[in-house]
Amino acid sequence: MLFNSIEFALFVSAIFCLYWSVARHGIKLQNYILLASSYFFYGCWDYRFLFLLIFSTYLDYFTGLKIYRSSTVAHKKIWLYISVGINLGFLGFFKYYNFFVDSFAILLQGVGMQAHIWTLNIILPVGISFYTFHGLSYVFDIYNGRAKPTTNFIDYSLFVSFFPLLVAGPIERATHLLPQVQNPRTFINAKAVDGLRQILWGLFKKIVIADRCAAHANLIFDHSGSYSGSTLVLGALFFAFQIYGDFSGYSDIALGTARLFGFELLRNFSYPYFSRDIAEFWRRWHISLSSWFKDYLYIPLGGSKGGLWMKIRNTFIIFLVSGIWHGANWTFLVWGALNAIYFLPLLLLNKNRSNLEIVAAGRYLPSLREALSIAVTFSLTVFAWIFFRASSMHHAWQYISQIFSPSLFHKPEVFPVKDLAYIGIFYVMEWIGREHSFAIEKWGVTWPKPVRWSFYYILVMVVIFSIGKEQAFIYFQF
Amino acid sequence: MKEFLIKLVVFSVIILSSLGLFGIAPESSQKKSDYMSAVIDKHHRLASLGSRRILLVGGSNVAFGVNSKRIQDTLKIPVVNLALHAGLGLDFTLNEAAQVSRKGDIIILSPEYYSGEADPALRAKITEAFPEVSSYYSSSLLSPLKLYFMHQVDHMRERAIHTPVLSSFFNIRVEELPAKPEEGGEVYARHSFNEYGDAIGHLNKATPEHKGFDDKLVFAYRYYEGIDKINSFYESCKAKGVKVVMLYPALAQSTYLVNKEVINRYQSDFSKNAKFPILNTPTSLVFPDDFFFDTFYHLTKQGREIRTSKIIDALVKQGIN
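Chains as they are written, first to last, in my numbering: chain A, 372 to 849; chain B, 255 to 575.
The set of hints was computed from the structure by calculation and includes no laboratory data. Please read all numbers here as calculations on a predicted model, not as lab measurements. Among the hints, a few may not be true.
To be verified - Estimated spans, in silico, between C-beta atoms of each pair:
1. B/K256 to A/V692: 45 to 51 angstroms
2. A/K789 to B/A528: 40 to 46 angstroms
3. A/V692 to B/H445: 33 to 39 angstroms
4. B/A528 to A/V799: 50 to 56 angstroms
5. A/H765 to B/S305: 48 to 54 angstroms
6. B/S525 to A/G460: 26 to 32 angstroms
7. B/Q521 to A/V692: 33 to 39 angstroms
8. B/S271 to A/P819: 17 to 23 angstroms
9. A/V833 to B/V570: 56 to 62 angstroms
Every residue gets a Cβ at the ideal spot worked out from N, C-alpha and C, and that includes glycine.
Whole structure, please, built from the sequences with the hints as guidance.
Structure representation (structure tokens):
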């Protein structure tokens, strides 16, 4: 059930009506309704893995209680290791088994040995990376004394499986979402309207921007050998907007949908393509994942507090793990390594926290220096995306070689003016709205109703006109 | 909450009314001359034949790349080429074959590599041309609603494209691509098919200057879930006395060379997991690029004849004659 589908719209409408109609009976019934609908939602993707989701949920619920009730640190550690081991074991098996087996086979062949390796036809459970991390964050927070466990299994299950964030995040924290699950929710008109507005903007990003860009990115990447370097640059650019529109659009729909039910989820994107340096980019891109790695991996490893080599080591570990989290392919590792290389100089020179506020706050335009910084950071990011999108290292190298060839100065064979104009308009809209949680959050709130409704009408009709193949969200494969 | 719901309903009514106003597609404007409408003739042929037929099933690689008359004349079994477009999805292809086949029929399945999900726009087009095919899709309760919605959106877009002010704003077609079936043209039209269901409009045409493929197209390896679907299809056909065999599709040499590793793994997955007979290997139908018309699946006249000979040989070896 994709977010940009009629089924999802009808599903949310039905659950919304049911959920608020029982509000006077208390949150217990509401939570049951949300949990049942979340399992139904997940089952529509693949009912076979509902068991795995429920098992993972119960594992973390149980070990969380055990960690909290253990009297010694040693016992706490045992339960922590059990939870982490089983969770990461499942994740590793479903996601990485074939990758490691194939890589091992290639390594053996490289030294002249034949290997009869058993690869398995493993189907990746949708959302496993996300709900595994939800559960792990709960267990870690209990172990570190940042949170207390809940004794209500329904509440905890809802925290893990809440359908807007179940299959592709944002990766929530128990300290943020669990209290909302446990406390009564009141219908607030302004919040619901905000939610709808954010859903509309998410659909715009996904259907109008991401899917349009996907058509060109796929064409150019899949036929990269027959295009000039200039076209391949455009291909990388299209992919950059495809992945941004796709993923941030999904997040907007998730956050907006959660608002309809009275929940506030963690923000996942904060205008990353306006970043002035890579450190800022990583504070604005997939925020829930990068903060998860920072809190549960980087800081426990020592963060940036140690000596030079520790800083380098920890930086590479974080970005490489982030890369491999995205998928079992060497291209993701290289993408991660490249970002580590970008980030390291800023860290070592203590410039990684230079740009904390949004660029040009309170001003219409950036300064020339800011504009150049944005352009450079964006270029570095787009270059790294080539590895992310390429199907293999061979493909990535071939793509990059073709870019840095004399054909870079040829006229592009693919130059869809209208779609580039859409990207331009979208970029401007994001720039105008950059000081808010999503671009059109404050658009029209002070306009007369007819004008405001006309704006929403135009947006909706543009989205409907742009409907084509239901392209699944990229991040659903994670 | 009441106020919120009222406003939401009013806004939704405005949107749906707009769709209704713009998007009503009268029956008389229905096009039955487009490429997808060829399904009508294929099914007419099916219905006109008695039992024991050879059904050629797959995407446009089969539509464009087989001489059904030669197969029929050699094996003395009537042939129907059901193939149309890989974009209709593997589910459609298999369900159609499963539903139209009868005891004694022989299905020769030749899907494109990694043939997958249906394109909703193509699905809407073929259903508009021949509503009976809607049962060939894995359907949900919402399928009729979705199809209606897509049909209305499609019709709305068609009208907008021809409206002076809106046309330049909403036209999202990528001009550089070669002619696609849904865009019409002599090669891609209902009248481009012969009585057996073979696409023949391209046979006497010069190949386009820019072919829609090159030597750097890269398939990503993944285990193909279509194997399991074809296994289920094979079992259900076997139960009703229908024979099913598979042949790998024809492929341009440059495309094969770049994807050799992936195709080898694809072949390995098939040989380990397929319950049905596979009569050839991927390399047996790899031809030089000159044997292809406009895509790395669409054979020219010369390539088509060589492939047909290989199919006949494979079928005879299998005892089908």
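Hint by hint, here is what the structure shows:
The hint said 45 to 51 angstroms for the Cβ distance between B/K256 and A/V692, and at roughly 49 angstroms that hint holds. Range check, A/K789 to B/A528: about 45 angstroms between beta-carbon atoms, so the 40 to 46 angstroms window is met. Distance hint check: the CB atoms of A/V692 and B/H445 are about 59 angstroms apart, inconsistent with the given range 33 to 39 angstroms. At about 53 angstroms, the CB distance of B/A528 to A/V799 agrees with the hint of 50 to 56 angstroms.
Our hint of 48 to 54 angstroms for A/H765 and B/S305 holds, since their Cβ atoms are close to 50 angstroms apart. Distance hint for B/S525 and A/G460: a CB-CB separation of about 31 angstroms, consistent with the stated range 26 to 32 angstroms. Evaluation of the 33 to 39 angstroms hint for B/Q521 and A/V692 yields a pass: the beta carbon distance comes to about 35 angstroms. For the pair B/S271 and A/P819, the beta carbons lie near 22 angstroms from each other, so the given range of 17 to 23 angstroms is met.
Here the CB-CB span from A/V833 to B/V570 is close to 57 angstroms, well matched to the stated 56 to 62 angstroms.
In terms of the numbered hints stated before, the structure departs from hint 3 and from no other.
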